[in-house]
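In order, the protein sequences belong to chains P and Z.
Per our numbering, residue 1 is the first one in the first sequence, and the count goes up by one each step.
Per our numbering, residue 1 is the first one in the second sequence, and the count goes up by one each step.
Hints should not be assumed to be uniformly reliable.
[As the list claims (entries may be wrong)] The calculated label-pair distances, taken between Cβ atoms and stated as ranges, are:
id, chain 1, residue 1, chain 2, residue 2, range
1, P, G92, Z, T512, 44 to 54 angstroms
2, P, A141, Z, R576, 16 to 26 angstroms
3, P, S39, Z, D534, 56 to 66 angstroms
[To be verified] Far from chain P by the CB rule (all over 10 angstroms, computed), these chain Z residues:
id, residue
4, V93
5, D365
6, G371
7, D466
8, G588
[Stated by the list, open to error] Computed from the model, here is a short list of chain P residues facing chain Z with C-beta under 7 angstroms:
id, residue
9, C76
10, G114
11, P116
Hint data in this document are derived by calculation from the structure and do not stem from the laboratory.
No residue lacks a Cβ here, since even glycine has one placed at the ideal position from N, Cα and C.
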Amino acid sequence: MASRPLVRVTAPIALLLLGVGCRERRSVPPAGGYEEHLSAGGLAPPTAELRNPHARDKRSAADGATLFTAMNCDGCHGGGGAGWVGPSLADGRWRYGGTDGALFQSIFDGRPHGMPAFGGILSPDAIWKLVTYVQSLEPPADVPTERWP
Amino acid sequence: MTHRRVVVVFVSALGAMGAGRVPPAAAQRSGQWTMPAGDYAATRYSTLTQITTANATRLHPVWSFSTGVLAGHEGQPLVVNNTMYVVTPYPNVLYAFDLTREGYPLKWKYRPAVDPNAVGIACCDVINRGAFYAEGRIVYNLLDGHTVAIDATTGKELWNARIADVSQGETTPMAPLVVKNRVLVGASGGEFGIHGWLKALDLATGRPVWTAYTIGPDSEVLVRAGVFRPFYGGGTDLALTSWPQEVWKNGGGPVWGWLSYDPSLDLVYYGVGNPAPYNPEQRPGDNKWTASVLARRPADGALVWAYQFTPHDSWDYDATAEMILADLTIGGRLRRVLVHFDKNGFAYTLDRATGEVLVARPFVDVNWAKGVDLATGRPVLDSTRLTGASRGNVKDVCPTLEGGKSPASPAAYSPRTGLFYVPTNNMCMDYQAVPATRIAGTPFIGANTPYHAGRGGHLGAFIAWDAGVGRKVWEIREKYPVWSGALTTAGDVVLYGTLDGWLKAANARTGTVLWKFKVGSGVVANPITYAGPDGKQYVAVYAGIGGDWFLLAGDVRSDDPADVRPPADFMPDIARHTSQGGIVWIFGL
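So that you can see chain Z by itself, here it is in the shape it has in the complex (with noise of 0.2 angstroms):
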């Protein structure tokens, strides 16, 4: 048959307050990892010790368990008091391991009502990015727009609140941030047209606090006079003007990746998703504050600044990665910094107390920008590899839209080295934009994306990044985009996990990979370390492929007889090496 095989890409979501009361900052330090990251900072780095890069060698699987859900398993598992906690994507079973007993029996688990409809409303795969531990409570989200949080004791719901709407294109996967008995969650749905936000709920009952739009009037975004103070440019309805009208109202900005939180400055940061449609030509202007990081009050949502990395976006390129904290000397100077590896190729450094960047180098092949001018903050752009409907098909941008990292793939901090830890993809696509109406429930996309090898063929790499100078350290070339987060630890070794299902551990100083097992399925999850009740070092991640993946290779499914896909043509083998299946590892010494 003629196999028209046109790539559509969407990247392109109480109780018991004394026993189970760990204050985050404290958790980490004592083993436990409470929130996805492990800290407020995003570093995903644990102080423990004992897993060196001496004796990596030796690490070898203790337990695993089947979840039962053949989705991508993308986030992590938390563990606190002795228990880990485990949410699976949709249908978003939560199960609480007892790590005290022979073979972690359950404690028990908790399986909500989830509206199935979400399954065709959510982009990219029904996945799910994690669940926070506050207060004796684990916070997490369903698929289909609600929040809930559950007794870490008991199991029992405490409560169960609607953030989002379906029918809109609205769809839940992201983990939340707990900060001050705030919950901050969002939704994702760039994809389908919605309008996005960031809300916080009570901790306590759910009930909403404040919302904050990303797209809007003032009023909506929460820019307040006296208190938005934007580094570079500056005004009133940024977000409104920014955009034709009523266009703005179906502009996308979803908010659907991880949150970060500097207590000293008392600042929430996060990334904004892509605007919509993908076909620019329907959304002339800067189109504010999509492809952006905000910086908010949790109090009361107040946007404190904002920058875009990617003006009038035209290539997909979501600004939802991880935004790291740390404290790094540039140009002599000891500055506060927020650590970004944007979907558009550029890593940023940004003092994240006012947003201004003092680094923006490109961390994978760019040709889509000649640099970002520090100046101004814009990308100087190269003519050529502009998108729109009247351009045709436009060939060989690099990076795709799915970035050069996928914002679901978080990666590292180690203090000890100064090294940034990127999972990251080399691949470059053709972008043929398209008229796209938005008709409520259906997506509202409007391209059409190929994707090839970049440059060398291998399709992704693991790298060591100093974002002091905006430098390559060093690189594990891998076969596979590498769609894994990084995990990294002051034994000075980084974990991480390939699509073909390898885990893997390497010297974080140099990169020599030390230990590598086959888990079962490809890891589109996040490695984490722990210290069990026996005292010893821990690491765990799921396996499972998905997100992207169920889109990308339609071949690795194993579920639907009734459905049978061709593989992916840029990468006609991966099912070779993985199929789907969703399984919790624990690895030891």
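Bound conformation, chain P alone (with noise of 0.2 angstroms):
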């Protein structure tokens, strides 16, 4: 029987992840702070503060889909990053914080319980172009209640 490759990548895609394997080394200051922190004396921390460069482009926002897909995103975090295994993303809630460092960070080094880091095939431009698609997700109106008739 005919050999086929196993992953056909499509052009877009192809592009997105140009720098995978060639990612910067380490030129990514540590963000580890966000702001759901409570620092004691009040005081926070002194910690770089990382900035999407991408921020609210829809374009970037649109790359960020794709990749959403093809890094396997959605099998975990689902479509349209609505919950799977893993937590939602569209719920304007945060576990690791919602600024722009803490997602990369997330992204780039990982999470406990599963979140693989992704800092290792994935170039930061890719990632900050995840993030800006996962700000672009509206949370619904009404989180917090669920009613039945």
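Using the supplied hints, reconstruct the complex from the two chains, each of which is provided in its own coordinate frame.
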């Protein structure tokens, strides 16, 4: 039986994945803190603040949506990031913070309980596009209440 | 918001010899429950007679215990030497309750260190399907690819063996089967592109004895000339040549269901899960031995026969459901058979010595195939229900990839009534396959598959099945899919739980519901029965919705304020009736 390639990477995904495997060596400053942390003495620790270079850019969000599927993010977080075995990314709530830096860090370094680190196979720019996509997901109007007729 | 709710479903794992030793066959007769299905034949039938159709209405709770864990509580307790053993979902705590004292206090509990990374690699909640008692040891799997043996008396860890690799997508929620000092274990990961296997460990030490892959060359599948005699077809390297080159190495074929054993034939039977990925166009060929039943010799793992229920599975129809061994009269002849209710919607009755298909009839609505050709053993496909990325969104395939019956929810067989008692799902799906890329440690799926209710609008039913002819005898319709296992007894009572949190007892001959009790959370576990130290018959079961319903009904969750999900659109009100929560229940008369 004929062999065929397992992976058929479409041209747009291939472009997005440029930089995969040749990541910049730790050019990213650590950004461990996030706004939900309480700070002892009321003083936040000094830490670099990461800014999403693609913030609110629709084209980057669309690229991020393509990556979200191509990198199997939807396999855990569900289509549209609605939640699956991994938590919802579309409910406006965050385990590890929703700032640019916290989201970047979650993807780059991974998180406990099974979020893999993608910093080894994705360029920082591709991760920022994923962040842009996740930030573009609008939470529903009334998250806390579920009511039955 | 425009909510793109795409359902990507996975479904879709020594010392104390004298004192605690109970031979498995004798154990069940003495009112104990020493292995997952109660016996090697996987019948989930108890010879205890105190609870009957006449008095089942008097059942009432006598004890309950919160496990402290919220994930889905599949599996079942064991009862050995007046001790009840309970394994929780991750983090896989093992509790030992003293049934001889008031309030059943703990004798001990064992809290292993389990790698939390396994939580994100477990496809469908962090469930555990239970433990096995053998030679004074409680043997079970931790989620993160370890098997442990615990001294049943002291709770001390006797050995802890690494059997699987989480970084490759393998997790281990399945319940082991112990045969002749061999601990048989497999791994989940059909949604992560693993290379599936069954391993035998030495009961005394945990050391590996043999590994039998489900896919690959004969040398890895343990196919030996002169030993392997399949009823249909034959040849060498079938599990290699039925795949494209290289693709087989990530072809799935996990082993996460139940095993059974026939001592007279000395054969172990088990089902193999789905091929990976769900998009079948990435893996032309039959994809042996995925979606198949395998019969192996426990001593050396050699494959004796194999039969593939769903060749080139294109619907995620894992065959990991239990293989129930029974002796039935078919066509006037007493046959040693194996009965299997497959995810693909057909109930199969096979000659368990040879693998010949004797009966194959749908037990739920099926439309992907028109039947099974008994001459070839192959399904007769409906070409309009074939799937693949180039076919777009294929509508209304029945049953769904949750199965006509969930493999997680084992059926029961009563030799008194001659009937099989089967939890079923009445759902159909749309199947949109898409190309998938394997990246180790991430899901490898390739399909979006939203569900809808099947004919009649109810989502499930609990049925009685005559496997000699392939006929439904009675059914109890349920509003929701039935995701608990079944238990039947010599009192002609059958018990099962519902997703909205009822434990029910019914007349095994008529299907009349005799009694029900709301247990606090949906039941995805399997009831058992045993004789207590007072000589009375008890029933035990876990409450604790989860498993696939952790994924599908995100709004039954309660433990994570940073994760708020919409309800499942095909059953938007399940969260009205249940939330998460692990509870062990014991009922008596």
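Results for each hint:
no., hint, result
1, P:G92 x Z:T512: 44 to 54 angstroms, "49 angstroms, holds"
2, P:A141 x Z:R576: 16 to 26 angstroms, "21 angstroms, holds"
3, P:S39 x Z:D534: 56 to 66 angstroms, "59 angstroms, holds"
4, V93, "17 angstroms, holds"
5, D365, "26 angstroms, holds"
6, G371, "27 angstroms, holds"
7, D466, "38 angstroms, holds"
8, G588, "35 angstroms, holds"
9, C76, "6 angstroms, holds"
10, G114, "1 angstroms, holds"
11, P116, "5 angstroms, holds"
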